[in-house]
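Next come the chains, spelled out residue by residue.
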Amino acid sequence: MKKVTILLLFALFISACSDKLVRVMPYEKEYFAQDKMSLSPISERAEQEGHIFLIREASAGGESSFQGGCGCR
Amino acid sequence: MKKLLSIFLLSIALFAAPRVGDDAVKFELPDIYAQNKSLKSESLHGKVVLLNMWASWCSGCQEEMPLFVQLQSEFSRSEFEIVLANIDNEAKNGIDFLSKVDAKRSLKTLYDSQKSLPKAYQCPGMPSSFLINQNGKIVDVYIGSLDTDGISKLKQTIKKLLGK
Chain Z
1 MKKVTILLLF ALFISACSDK LVRVMPYEKE YFAQDKMSLS PISERAEQEG HIFLIREASA
61 GGESSFQGGC GCR
Chain Y
1 MKKLLSIFLL SIALFAAPRV GDDAVKFELP DIYAQNKSLK SESLHGKVVL LNMWASWCSG
61 CQEEMPLFVQ LQSEFSRSEF EIVLANIDNE AKNGIDFLSK VDAKRSLKTL YDSQKSLPKA
121 YQCPGMPSSF LINQNGKIVD VYIGSLDTDG ISKLKQTIKK LLGK
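Line by line, the protein sequences give chains Z and Y.
Using this note's numbering, the first residue of the first sequence is number 1, and each one after it goes up by one.
Using this note's numbering, the first residue of the second sequence is number 1, and each one after it goes up by one.
Honestly, the hints are just simulated from the structure, not real lab data.
Given the structure is predicted, the values throughout are model-derived calculations rather than measurements.
You can take every hint at face value.
If you only want the chain Y side, here are some residues facing chain Z, beta carbon under 7 Å, derived:
hint : residue
1    : 57
2    : 87
3    : 89
4    : 123
5    : 125
6    : 126
Heads up, simulated BS3-like pairs for lysine-lysine below, C-alpha to C-alpha not over 27 Å straight-line:
hint : chain 1 : residue 1 : chain 2 : residue 2
7    : Y       : 47        : Y       : 160
8    : Y       : 100       : Z       : 36
9    : Y       : 47        : Y       : 115
10   : Y       : 160       : Y       : 137
11   : Y       : 155       : Y       : 108
12   : Z       : 36        : Y       : 115
13   : Y       : 47        : Y       : 37
14   : Y       : 92        : Z       : 36
15   : Y       : 108       : Y       : 40
By construction, the Cβ of each residue, glycine as well, lies at the ideal position given by its N, Cα and C atoms.
The following block holds chain Z by itself, in its conformation from the complex (with noise of 0.2 Å):
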């Protein structure tokens, strides 16, 4: 019982761990701000694919230095 108990509170614990382990953080994103890691050259087009980008990876803040989005803007 007490070793469920332990298994259960360390799974709590990491799962609790996890957003942080693979988000990248928003004060993490200086080079993802650079010019080069824009989708497109076209300063229009590339708000709109990474627009795009952020529906199809259903992925989180990648592309600004605010949260991400749902998609549903």
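Mind docking chain Y on chain Z? Use the hints.
Just chain Y now, with coordinates in the frame of chain Z:
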């Protein structure tokens, strides 16, 4: 079992981001212009402080910076101080940007090369600002850039804290 639970709760508390009402995170960071000089958070006690985490590559940070310069000019630095923590990979980028918007260096700017402050505050967005009262407690949190409306509301809160 009780011990285990308390250790678990303690570990959760350790990972929790500081919120309104909590003590502000203590720090000691070098000045961006003179990196041999550093500023300790304790030296800010007794003042209302707006701690802002920013980077030159962040468009929102660029937009709100002139508003901060204006805001600081409206208060004496002995009672209210804007403290900027720059998190650029290279301090030069931050200094270059500041030379355009704050040539007189009216804003206290620190350089956080390790990004320790945004990590400690677990900032969910950039820029992030924290209003800290005279006792070192967090009064308000602003995620994202502040516009003119946001700055006027902030001004009211600062005046209230200063008893004006």
